[in-house]
Every structure is written in structure tokens, then in C-alpha cells.
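Asker: As a plain string of letters, each chain reads:
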Amino acid sequence: MNSPALETLGLQKSFGALTVANAVDFRLDRGARHALIGPNGAGKTTFVELVTGALRPNAGQIRLGGVDVTQLVQAERVKRGLVRTFQITALFCRLSILENVTLAICERQGIAGGLVRPSGHHRAAIEEAHALLERLGLEDEALRPVNTLAYGRQRLVEIAVSLALSPKVLLLDEPAAGVPSSESGRIIEIIERLPADIALLIIEHDMDLVFRLAQRITVMVQGSILVEGPPETIAADPEVRRVYLGERASA
Amino acid sequence: MTPIGAVDAFAGRHRYHLLEALPWLAAVATYFVFPDYLALGAQILATILFALSADLVLGYAGIVTLGHAAFFGAGAYMAGILAAHGWGEPITGLFAGAAAAALLGFLSGLVVLRTTGLALLMQTLVVATMVAEAANKASFITGGDDGLQGMVVWPVFGWFRFDLFGHTAYFYCLTVLFLCWLAARHIVHSPFGRSLTGIRENVRRMHAIGAPVARRRLVIYTISAGLAGISGALIAQTTQFVSLSFLSLERSGTVLIMLIIGGVGQLYGAFIGVPLYMVAQNRFSEIDPVYWYFWIGLLMVVVVVFARGGVLGLFDRFRR
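Respectively, the protein sequence lines represent chains A and B.
Each residue of the first sequence is one higher than the last, beginning at 1 in the numbering used here.
Each residue of the second sequence is one higher than the last, beginning at 1 in the numbering used here.
These aren't lab readings, by the way, just hints derived from the structure by calculation.
Every residue, glycine too, gets a C-beta built ideally from N, C-alpha and C.
Any given hint might turn out to be false.
[Stated by the list, open to error] To be clear about the criterion: a stretch of chain A counts as covered by chain B if any three or more of its residues have a C-beta under 8 Å from a C-beta of chain B, and this derived list gives those stretches:
| # | segment |
| --- | --- |
| 1 | 32–38 |
| 2 | 108–117 |
[What the hints assert, rightly or not] To list a few chain B residues with every Cβ distance to chain A over 12 Å, as calculated:
| # | residue |
| --- | --- |
| 3 | I209 |
| 4 | I223 |
| 5 | S248 |
| 6 | P289 |
| 7 | W292 |
| 8 | F318 |
[What the hints assert, rightly or not] If you want a taste of the chain B side facing chain A, the calculated C-beta under 7 Å gives, among others:
| # | residue |
| --- | --- |
| 9 | A11 |
| 10 | G12 |
| 11 | Y16 |
| 12 | H17 |
| 13 | L18 |
| 14 | R114 |
| 15 | T115 |
| 16 | T116 |
| 17 | R185 |
| 18 | E201 |
| 19 | R205 |
| 20 | A211 |
| 21 | P212 |
| 22 | A214 |
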């Protein structure tokens, strides 16, 4: 049980001459609150795509709870509790919020391929979806199509869909990106309140958010891990300040 | 809306609505009001089934296809060849047509569904062209360019003879359409059907929630092919003729046009678009035998410009 929730060993990915992941050794502990930061184009989202199985690595290994999942397709990894959110909201836009979440719950429960009973008869799944919406304060808009919601609300639905899958490892790809600061507080609050047994990896540009949520930070530059440590160490690291924090401050 | 209200409304979406009786009442009324047009009516009913099958893949699963006539034709030739070679029992003919088309759908789906978008469109086109060419070459069994001759279709249930006026054909097609519609409706409202709309709306997200997207697409493609096959078999049996035009690109395209005129992805678009198109075609070609296609084209332009989402889309807009 001591194996980390998620681990990559020598993860390698190139597109032609461009190396986007260069021998990445990464470890996400159980119940971790971990942030992955780095300048634009550092390979953070690629890393997420590799880990979730949307992309195939050229070399290296991905372990989930100690089990090698490198060869598994994305759906299999999801079934084992590896769940992600998207940096650019990727929802079922013309479907209602409740439908978005219910679809995810049906997949998790393995009833989504069913042809015999009407979906409305799977009431437990719908009620679970609704309870999740209540938890996130979305219940008043349950039947509204996602594309009629403000962007900040859509980001919450994004999180709701991922929680519906009962993740053990949750990869949040810029959960508050593009959200006005008046609404980002709500998102941060929800992330803070997530169950402690979910291992959380947050990919984020917003340094306030990172330093508020993360107990550990990994800095990625040009496909490689530059440095990793607790927030204080990272904030004080001269190299990090140079390539990342300094850049941002002067921008 | 109270929370429980939302759950109830959501869980009750598969219940029958009074409006859904409308197409069936209209179909029965047509029998009495236009007794001289029953042959056309039967064709319309069978074509509605074809458009309905296309709606399942295009409107629900978001699979854009220009090759659906392959399945329509496969069903038609299967039923037709059986009837031309001494087995004219219509119901088993339908099942055979469905099975042949579904098998073709499954096998071609294994290949073409690996792609999406334009590549998929081209591949469905290729499959349909290959099937049409195969039917052309196999003229010893399909009749090739001359069409399949000599079909003898037995009475339905050994009792209802296919008559010249189309009385039997009309109710035969109506009954089969009704049963297939029930099945399609059931599929659409099942968890499987709901997950298809997810695939249509956002494939990436479907993968991310752990859905076996490829399998789901193959299943609906096979089911849809089977329904298209039944539709083809219906037309073969009621007109007692099958020709290569059953497999043509034009037929694949026309069924999409009819569906788009009615409205895509709502299960009822076929019931509006097909009669509208086929009646218009019938009228226009009588009034203007040379340029009737022009008027069909004009109708299409009007729909695309003023009624995106088809006729059903218009209703939705007025309701809001």
C-alpha cells in the first residue's frame, strides 16, 4: 500500500525533433495536494495527456497505485480511478448539467451501454448526479444546457463531471483558467474541500492558487522536471525565479 | 424548480408525449383521405424508416455518412433475391434483409469507424461505391443494370395479398415502421442512446469519462444498418423490383437532405422531412417534369437559410 497513487518512470514523448516530455520521473503520493507549474509550452498538458492515455509515450512507464498502466487505453485508466479535467472546457455543451454528470456516473457504474431499460429508470444514478450538483451549488441550473451558463459555472461542471467518476487520482488542468477572480474563489474553495483520499495534481498558471492549495510543487521546463519541493523551497529557488516566477512578474 | 422536480423531469423524459401520436394519426388519416396515393404513401413510410436509421447514426452518434444506401440496397437485394428465387414470404424476407445489411454495417464499420469527420465521410462513400459496383458485376444474381426481375412476394401472413392499389403495402409498411420506430425510440432513451449524444457532443470528454467510444459507435452503426436494410427490403417487396439505384450515392445523399429538412437528431425529423420531400418531388415533377430538381434545390436553400435545424428546429424556435 506504500506505492504512490501515480508514478511515471522515464516518460518520453517527441513529436519529430520536438521533445515534449524528456525522461520525466514523477511521483504523486496518495492524498497529495501537488501542483505542476511551468511556463507556456513547458509540456504540462502533454504530460496530462500522456498520463491519462490520450497520447502514447515513446518510452517510459506509467504506474497507477503501483500497477503498470502504460499499455491500457484511456477508458481502462478511468475505470481505475485516474480522472482529468480539461484546460479548455470540454463538456457536452448542448446537454443539461444533470445529463453531463449522469453520463459520467452511468459510465462509472457500467450501465452506460445498456439497451434494455430506459435511462430514466436508473434513478439512483440520476439522484447521485443531482446530489453532486447540490454539493457544488449547481442544483438550481440542473436542467440548463451547459452552453447557456457563465464560464465560471462551466468550470464547476467540469469538476462535477470528474468527481462523478469517483477519482483516486484527479488531474486538474488549469481549473480556474479564464475565470474572473470574483468567481475563482468558489472554485478554489471546492478544490480545498475535496475528499482527502483523492490524490490531486493541479496544473496551474495562477500562482496565488498554487501556493494556496499545493503542499508540493513540481516545476517543468521544456519537457523536463526542473525542480520539485515544498512551496517555500520553490518560491526561494533562484533558478525557478529566473525561468518562471521572474518571467511572470516582469510580464 | 425544486430539486426533486429536476430529477423527476429528467428521469421521465422517455415517457410518451401526446404529440408523438400525431404522425401515426396522420398516417392512418392519409389512408382514408388519399386512397389514390397509397403506393406513394407506402414508399414514403418505408423511406421514413430509412431516414430514421440515418438519424440514429448522424443525429445521435454524430457519424456523418454518405454511404447509407449500401445498407438500404443490401436489405433490398437480400429480400429481392429471396423472392425471385422462390422464397417470397415477406416477414422472413425483412429479417433476412436486416441481417444482411447489419452484417455489412458491422464489417464495414470495423474499418470506417476508425476515422472521424471528412475521412469517415469519404470511407462511407467508398464502401457504398464498392457495394454498388459489386452488385453491378454480380449481374447473374442481381440482374445488374437491368435490375432484379421476377420477384414474387407472398401474401403477408399468408392472407393479405399485395394489391395493385397499395392497400396491403401501405399498412404493411406502416406496421413495420411503427415497430422499428418503437425500437429506435427505446434505443435513444436507453443509457446507450444517451451516451451516443455524449459521443456526438464531445468525443474527447466521452473518452475521459471512460466510455468505450469505438464499441458504442460500432453497435449503433450496425443497428442503423439493419434498420436501413429493413427499409430497403420493404420497398423491394412492395414495388417488387430492385435496381442499382437502390445503392446509389444519390440515394445516400437524398436521405440526408430529407432528414435535414425535417430536423436532425430528434427522432421525428424523418417523419416530417421525408413526406415533405417526396410529396414535393411528386408534385414538382408533375408540374414541371424537366426542372423539378430545381424546385427541390430551392426548398433546400430555404431550409438551410431560414430554418436551420429543419422544420422541427422552427417549432423549437417558436416554442421559446
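Asker: If a hint holds in the structure, say so; if it does not, say that too.
Answerer: Status of each hint after checking the structure:
Requiring three or more residues with a Cβ within less than 8 Å of a Cβ of chain B, the coverage given for the segment 32–38 of chain A is violated, as only 0 such residues are present. Counting residues of the segment 108–117 of chain A whose beta carbon lies closer than 8 Å to any beta carbon of chain B gives 8, which meets the minimum of three for the stated coverage. A cut-off of 12 Å between C-beta atoms contradicts the statement that I209 of chain B is not in contact with chain A; the least separation is 4 Å. Consistency note on I223 of chain B: stated as away from chain A, yet its beta-carbon is not over 12 Å from all of that chain's, at 9 Å minimum.
With a least CB separation of 32 Å from chain A, S248 of chain B remains clear of the 12 Å interface cut-off, as annotated. Under the 12 Å C-beta cut-off, the non-interface status given to P289 of chain B relative to chain A holds; the minimum distance is some 43 Å. With a least beta-carbon separation of about 36 Å from chain A, W292 of chain B lies farther than 12 Å from that chain, consistent with its non-interface assignment. Distance check for F318 of chain B against chain A: the nearest CB is about 18 Å away, which clears 12 Å, and the non-interface claim stands.
Against a cut-off of 7 Å between C-beta atoms, the interface hint on A11 of chain B holds, since the closest Cβ of chain A lies about 4 Å away. Look at G12 of chain B: its Cβ gets to within about 6 Å of chain A, closer than 7 Å, so that hint holds up. Because the closest C-beta pair between Y16 of chain B and chain A is about 11 Å apart, greater than 7 Å, the hint is violated. Taken as an interface hint, H17 of chain B does not check out: its beta carbon lies about 14 Å from the nearest beta carbon of chain A, beyond 7 Å.
About 18 Å separates the beta-carbon of L18 of chain B from the nearest beta-carbon of chain A, more than 7 Å, and the hint is not met. With a cut of 7 Å, the hint placing R114 of chain B at the interface with chain A is violated, because the nearest CB-to-CB distance is about 14 Å. The interface hint given for T115 of chain B is violated, since its Cβ lies 17 Å from the closest Cβ of chain A, which is over the 7 Å cut-off. Interface restraint check for T116 of chain B: the shortest CB-CB distance to chain A comes to about 15 Å, outside 7 Å, so the restraint is violated.
Nearest Cβ of chain A to the Cβ of R185 of chain B: about 10 Å, over the 7 Å cut. The hint is violated. Hint status for E201 of chain B: holds, given a least beta-carbon distance of 4 Å to chain A, under 7 Å. Restraint check, R205 of chain B versus chain A: the minimum CB separation of about 5 Å is within 7 Å; hint holds. The interface hint given for A211 of chain B is met, as the beta carbon of that residue sits about 5 Å from the closest beta carbon of chain A, less than 7 Å.
At about 6 Å, the closest approach between the beta carbon of P212 of chain B and any beta carbon in chain A falls short of 7 Å, and the interface hint on this residue holds. For A214 of chain B, the interface hint is violated, since its Cβ never comes within 7 Å of a Cβ in chain A; the closest pair sits about 9 Å apart.
Hints 1, 3, 4, 11, 12, 13, 14, 15, 16, 17, 22, counting from the list given before, are not met by this structure.
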